[in-house]
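Q: My request is simple: use the sequences and hints to build the entire structure.
Going line by line, the protein sequences match chains A and B.
First residue of the first sequence? That's 291 in our numbering, and the numbers climb one at a time after it.
First residue of the second sequence? That's 162 in our numbering, and the numbers climb one at a time after it.
These aren't lab readings, by the way, just hints derived from the structure by calculation.
Each hint should be verified, as a subset may be incorrect.
[Unchecked claim] The following residues of chain A were derived to be distant from chain B, with all beta-carbon distances above 12 angstroms:
#1 Asn301
#2 Gln338
#3 Thr375
[Unchecked claim] Distance ranges between label pairs, derived from CB positions:
#4 B:Pro505 <-> A:Asp299: 42 to 52 angstroms
#5 A:Pro306 <-> B:Ala497: 36 to 46 angstroms
#6 B:Ala344 <-> A:Asp299: 32 to 42 angstroms
#7 B:Ala163 <-> A:Pro306: 55 to 65 angstroms
Here a beta-carbon is modelled for each residue, glycine too, at the ideal position from N, C-alpha and C.
So the chains spell out like this:
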Amino acid sequence: MAKSDALVDWNSNTEPDLAGYIVSYGLYPGLYTHTVGLNNGTPTPPSQALVTTFNSDGLWYFAVHAFDTSLNASAKTSAVSKRITQVQSKLRHRR
Amino acid sequence: MATYYVAKTGSDSNPGTQILPKLTITAGLGLLTAPGDILEIKGGVYVETLLMNAIASGTAAAQTTIKSFGTDDVIIRPSTFIAGNTSLVNFVARDYITLKGSPGHYLVVDGVNVPFPLDTHSSAIRGSATSGVSSCGNIIIEYVEVKNTPYHAVALHPYHALPQEHHCIIRHCWFHDNGAGAAEGWTSPYPHCVYMKGKDNIIEDCIIERQKGGLGIHLYSQDTASGEVDRNIIRRNRISNTAQTGILVGGGSDNMAYDNIVHDCGEPGGVGIRVAYGGANNSQVYNNTVYSCGAFIQILSGAVGTIVRNNIGYQNTTNTVSNGGTGTIQSNNLMANPSFVNAPADFHLQAGSAAINFGTNLSSIFTTDFDGVTRPASGAWEAGAYEFGGAPPDTTPPAVPTGLTVT
Numbered sequence: 291m292a293k294s295d296a297l298v299d300w301n302s303n304t305e306p307d308l309a310g311y312i313v314s315y316g317l318y319p320g321l322y323t324h325t326v327g328l329n330n331g332t333p334t335p336p337s338q339a340l341v342t343t344f345n346s347d348g349l350w351y352f353a354v355h356a357f358d359t360s361l362n363a364s365a366k367t368s369a370v371s372k373r374i375t376q377v378q379s380k381l382r383h384r385r
Numbered sequence: 162m163a164t165y166y167v168a169k170t171g172s173d174s175n176p177g178t179q180i181l182p183k184l185t186i187t188a189g190l191g192l193l194t195a196p197g198d199i200l201e202i203k204g205g206v207y208v209e210t211l212l213m214n215a216i217a218s219g220t221a222a223a224q225t226t227i228k229s230f231g232t233d234d235v236i237i238r239p240s241t242f243i244a245g246n247t248s249l250v251n252f253v254a255r256d257y258i259t260l261k262g263s264p265g266h267y268l269v270v271d272g273v274n275v276p277f278p279l280d281t282h283s284s285a286i287r288g289s290a291t292s293g294v295s296s297c298g299n300i301i302i303e304y305v306e307v308k309n310t311p312y313h314a315v316a317l318h319p320y321h322a323l324p325q326e327h328h329c330i331i332r333h334c335w336f337h338d339n340g341a342g343a344a345e346g347w348t349s350p351y352p353h354c355v356y357m358k359g360k361d362n363i364i365e366d367c368i369i370e371r372q373k374g375g376l377g378i379h380l381y382s383q384d385t386a387s388g389e390v391d392r393n394i395i396r397r398n399r400i401s402n403t404a405q406t407g408i409l410v411g412g413g414s415d416n417m418a419y420d421n422i423v424h425d426c427g428e429p430g431g432v433g434i435r436v437a438y439g440g441a442n443n444s445q446v447y448n449n450t451v452y453s454c455g456a457f458i459q460i461l462s463g464a465v466g467t468i469v470r471n472n473i474g475y476q477n478t479t480n481t482v483s484n485g486g487t488g489t490i491q492s493n494n495l496m497a498n499p500s501f502v503n504a505p506a507d508f509h510l511q512a513g514s515a516a517i518n519f520g521t522n523l524s525s526i527f528t529t530d531f532d533g534v535t536r537p538a539s540g541a542w543e544a545g546a547y548e549f550g551g552a553p554p555d556t557t558p559p560a561v562p563t564g565l566t567v568t
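A: If you want it as structure tokens, here you go:
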């Protein structure tokens, strides 16, 4: 795993009407400035996400919540964290 | 059309892109210079008062939008008012503007720090600007929570200046614990939760709770000329524990209230649903459930041609349709035990309920119940807000995911 990426993984939910997950992340636990939606239309939405979009190095916090086909949403999980580095070199490389 | 961003990690010297967002919503609003522009607000508490006077109105084809980012939780909690402004979010006579959160994640407008009301229409969200200024139209307020405001939660109510607020939609909102200013003497007018004058507006699928002064939804013009408060629709709202009447339909023509649930409102003296005041012509009150209020339905003198059908009134102190109007038509209103599943928590009907097939068919007027369940195209309807046997909505959220790791 690149130091500038994060693989977020969790156990699959079992609700029959599960529609997907949303991974929220940010530089402060509980204050999430970025989200990744996982809803690819399959009966079983993926339960991991490779997050590659960061705008700065630092300790990033991640949480996940689930939503169903009626758009009911679970609460977010407690946060887990990973130190992300080498973001600027990655951005330079992309240019 | 462009999309701009605000985040608590941003800076007002940033251009407002997703990577380089603005810090304040006010700065973000300044970027909305073209119809259809979108401002996305990332999660956090924003200590601001929002005036929309710097932004461009949208158009029918391109609604300008201010919204929460994704499912982020956004709270607007001003500490002070801007001088001369009397609301926290003021649309300032703009047109085609949307303010919205997301399902399950209201955009919160918290009026806890609002000082003593500054004028008779002090409110958390307001359509018109100040006295004598024209109104706004085609505003959409969706998935917004308003709480703790001492006066009105929403005032779409210009100062009798024409044209009125028009074609606005308030839907899926939650308004609660507003109106405490009444206890401090602000009773002229009373602090109604949604105070609306105008025409062709819709209030639907909202929850109004614990309005500590005034009414839940108040359609009214003190003027009596037709054209002031016309063709508004109030439907599928759940209104409870308001200090006074739950719903007032008044002051104009062809206003409708249907499929609403009103309970524990206006005791003593208040009413579940009232039709009143000069110019209240052809008001229509259908399939509402009114429970444990001061009175069931009241039609006062001055109301002409009111139609009241298919409503349930139960456990109200005065459980009658009180008619002081002219030319009132009333039928199929059930005022006996309707065998609710578990009132006031659940007003669905049990098997064998007296409300089943008690109503007349109104499918030429509307076709669904409180849950969105389709009512029969022909044959009798149930009285009250619910058809029997329809599947109740799924409101159970999924479990919180477990086993979260990051590598």
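Q: Against each hint, give a clear statement of whether it holds in the structure.
A: Now for the hints, and whether the structure bears them out:
no. : hint                                      : in the structure
1   : Asn301                                    : violated (4 angstroms)
2   : Gln338                                    : violated (9 angstroms)
3   : Thr375                                    : holds (14 angstroms)
4   : B:Pro505 <-> A:Asp299: 42 to 52 angstroms : holds (44 angstroms)
5   : A:Pro306 <-> B:Ala497: 36 to 46 angstroms : holds (40 angstroms)
6   : B:Ala344 <-> A:Asp299: 32 to 42 angstroms : violated (53 angstroms)
7   : B:Ala163 <-> A:Pro306: 55 to 65 angstroms : violated (40 angstroms)
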